[in-house]
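Sequences are here, hints too, so could you generate the full structure?
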Amino acid sequence: MVHVCTVVPISLTVGANRIVPAIAIPHPLGNPKLDKKEEKALRRQLVEKSLKALQTEVDGQTVFEG
Amino acid sequence: MSKLRVVHYINQFFAGLGGEEKADVRPEVREGKVGPGAAFAVALGQDAEIVATVVCGDSFYGENMDEARKIVLDMVKGQKADLFIAGPAFNAGRYGVACGDICKAVSQELGIPVLTGMYIENPGTDLYRKHINIVQTGNSAADMRNAVPVMAKAALKLARGEELKVPEDGVIEKGIRKNIYRETRGSQRAVDMLIAKLSGQPFETEYPMPDFDRVTPNPAVKDMGKARIALVTSGGIVPKGNPDSIEASSASKYGKYDIDGIADLTSDAYQTAHGGYDPVYANEDPDRVLPVDVLRDMEEEGIIGGLYRYYYSTVGNGTSVGNAVGFASEFVKELKEDGVDAVVLTST
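Just so you know, the protein sequences line up as chains L and C, in that order.
Its first residue numbered 5, the first sequence is counted upward by one per residue in the numbering used here.
Its first residue numbered 164, the second sequence is counted upward by one per residue in the numbering used here.
It is worth saying that the hints were derived from the structure and are not from the lab.
Fair warning: this is a prediction, and the values are worked out from it, not measured in the lab.
Glycine included, every Cβ here is placed at the ideal spot set by N, Cα and C.
Mixed in with the good hints, there may be bad ones.
To give a feel for the contact side, a few chain C residues facing chain L, derived at Cβ under 10 Å [as the list claims (entries may be wrong)]:
no.: 1; residue: S222
no.: 2; residue: P286
no.: 3; residue: L290
no.: 4; residue: V378
no.: 5; residue: T379
no.: 6; residue: G439
no.: 7; residue: P442
no.: 8; residue: A445
no.: 9; residue: A487
Derived pair list, reagent style DSS-like, types lysine-lysine, alpha-carbon separation capped at 30 Å [said to hold, decoys possible]:
no.: 10; chain 1: C; residue 1: K293; chain 2: C; residue 2: K328
no.: 11; chain 1: L; residue 1: K56; chain 2: C; residue 2: K496
no.: 12; chain 1: L; residue 1: K56; chain 2: C; residue 2: K419
no.: 13; chain 1: L; residue 1: K56; chain 2: C; residue 2: K389
no.: 14; chain 1: L; residue 1: K37; chain 2: C; residue 2: K403
no.: 15; chain 1: C; residue 1: K267; chain 2: C; residue 2: K293
no.: 16; chain 1: L; residue 1: K40; chain 2: C; residue 2: K403
no.: 17; chain 1: L; residue 1: K44; chain 2: C; residue 2: K403
The following block contains the structure:
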C-alpha cells in the first residue's frame with residue numbers, strides 16, 4: 005500500500021510504510037489553479053510516484069519526496 | 164503582582180471567520196480575546212489576561228508547517244507572553260496538529276509555559292505528547308464548557324512553575340520515564356509482581372507497554388504491468404447523493420463502489436461526503452481525491468495490469484481508530500480474495 009496524503013506527520017504517526025506527499029488538503033491529487041490538461045499531468049506525476057513507491061523495497065517508513 | 168500575559172491560538176472556525184472555505188487563511192493577530200478566549204478569560208480569573216489571540220487557518224498550517232510556525236512564533240514573541248494556550252482542538256485533526264506544533268515551538272523557542280487540549284485520538288496527541296502538556300478533552304466542541312476550566316487551572320499551575328500530574332490535572336500521560344526513589348529495590352518488586360501474576364493475584368505494572376501499531380513493510384510489487392491496483396480513500400468520494408449515507412464526520416460505515424467502465428469521475432455522478440475539508444474542489448472534479456482518470460489511462464497503456472473494479476471509500480473526519488481498523492480489516496479480505504496486488508490509499 006502507498007499512502008498519498010498531505011499531512012505527512014500524521015501518516016508517519018499512524019504507521020504507513022510508503023508515503024507520497026500530496027498537493028493540498030482539499031485537493032490532494034489536483035490543483036484548481038492549473039488548466040485541466042496541466043492539472044491532469046500533475047495528477048499523473050503523483051500517481052507515477054506512487055506506483056514507483058509500490059515498486060520500491062523499503063525496510064521501514066519511507067516518505068517519497070521530490 | 165502584574166497579571167500574566169496570555170496569548171491564545173485558535174483556528175479560523177473558532178475565530179468566527181468561517182468553516183472549511185476559510186481554512187486557508189494566513190495567521191493574523193487580534194487584540195485581546197476571541198471566540199473561546201472569552202470562556203478562558205473567565206476561567207483564568209484575575210491573575211491572567213489574554214492580551215492577544217493568534218488566528219490561523221487549519222489548512223494553511225497543515226500545508227505550510229514551517230512557514231506557519233515561523234509566522235505565528237514571531238507574532239507570539241511580539242506580545243511578550245508569559246503563557247501560551249492553544250485550542251482546545253477536540254478531535255479536529257489539522258487543528259490538533261497545529262496546536263501541538265505551535266505549542267512545541269513556543270516552548271522550545273520562547274521558553275514560556277504552554278498548554279493545549281485535545282481528544283486522545285487526535286493525531287496531534289501522539290505527535291506532541293512527549294514534548295508538551297496536553298489536556299484530555301472530549302471529541303467535540305460540545306465539551307468546551309468542561310475543557311476550558313480544566314485547561315485554565317492547569318495553565319495557571321504551569322505559569323506558577325508547578326508540574327502537572329496525571330490524572331489529577333487532566334493531562335495526557337507524556338510517556339517520559341522519570342527516575343524516582345522506591346523503598347524496595349527493583350528486583351524485589353519484579354519478583355513480587357511475577358509471583359502475583361502467576362498466582363492470579365492483582366498487580367500493577369510499573370511500565371505499560373506502548374502500543375506501537377506498526378506493520379512490517381510489504382515486499383515491493385515485482386511486475387507492475389501485471390499488477391491489479393485498487394483505490395481506497397478516506398476522502399469520502401461517493402456516488403452523487405451519497406447513497407449509503409456515509410456520515411460527514413465520525414463515519415460509522417464505508418462504501419464499496421463499482422467503477423467498471425468508468426474512465427473519469429465527474430461532478431454529475433460523484434461527490435465528496437467528507438465534512439472536514441472544503442468540498443468545492445473535490446465536488447468539481449472527484450479525480451482530485453480519487454485519481455480514477457489517471458489510473459484508467461495507465462491501465463490502457465499497460466503500465467498497470469488493471470484497475471480493480473471496486474473502490475472503497477469512507478470519511479476520515481473524526482472517524483474513530485476502532486472503526487477505521489474495523490472497516491479495513493473487513494474489506495482487505497475482499498481485496499485479497501479478488502487478487503488485488505497493491506492499494507493506493509488517498510487522504511485529504
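We went through each hint and held it up to the structure:
The interface hint given for S222(C) holds, since its Cβ lies 5 Å from the closest Cβ of chain L, which is under the 10 Å cut-off. Using the Cβ-Cβ criterion of 10 Å, the hint placing P286(C) at the interface with chain L is satisfied: the shortest such distance is roughly 4 Å. Interface hint status for L290(C): upheld, as the beta-carbon distance to the closest one in chain L is roughly 5 Å, under 10 Å. This hint holds: V378(C) has a C-beta 6 Å from the nearest C-beta of chain L, less than the 10 Å allowed.
At about 8 Å, the closest approach between the beta carbon of T379(C) and any beta carbon in chain L falls short of 10 Å, and the interface hint on this residue holds. Of the supplied interface hints, the one on G439(C) holds, with its beta-carbon coming within about 9 Å of a beta-carbon of chain L, less than 10 Å. Because the closest C-beta pair between P442(C) and chain L is about 7 Å apart, less than 10 Å, the hint holds. The interface hint given for A445(C) holds, since its Cβ lies 7 Å from the closest Cβ of chain L, which is under the 10 Å cut-off.
Using the Cβ-Cβ criterion of 10 Å, the hint placing A487(C) at the interface with chain L is satisfied: the shortest such distance is roughly 9 Å. About 14 Å separates the Cα atoms of K293(C) and K328(C), which keeps this hinted pair within 30 Å; it holds. Proximity of K56(L) to K496(C) is assessed by CA-CA distance (about 25 Å); at most 30 Å being required, the pair is judged to hold. Of the pairs offered as hints, the one joining K56(L) and K419(C) holds, with about 26 Å between alpha carbons and a cut-off of 30 Å not exceeded.
For the hint pairing K56(L) with K389(C), the CA-to-CA distance comes to about 14 Å; that is within 30 Å, so the pair holds. Taken as a hint, the K37(L) and K403(C) pair is honoured in the structure, with Cα atoms around 24 Å apart against an allowance of 30 Å. Simply put, K267(C) and K293(C) have alpha-carbon atoms about 10 Å apart, close enough for the 30 Å limit, and the pair holds. Straight-line distance between C-alpha atoms of K40(L) and K403(C) comes to about 22 Å, which keeps the hinted pair within the 30 Å bound.
Between K44(L) and K403(C) the CA atoms are separated by roughly 22 Å; this keeps the pair inside 30 Å, and the hint holds.
Violation of the numbered hints given earlier is absent; every hint is satisfied by the structure.
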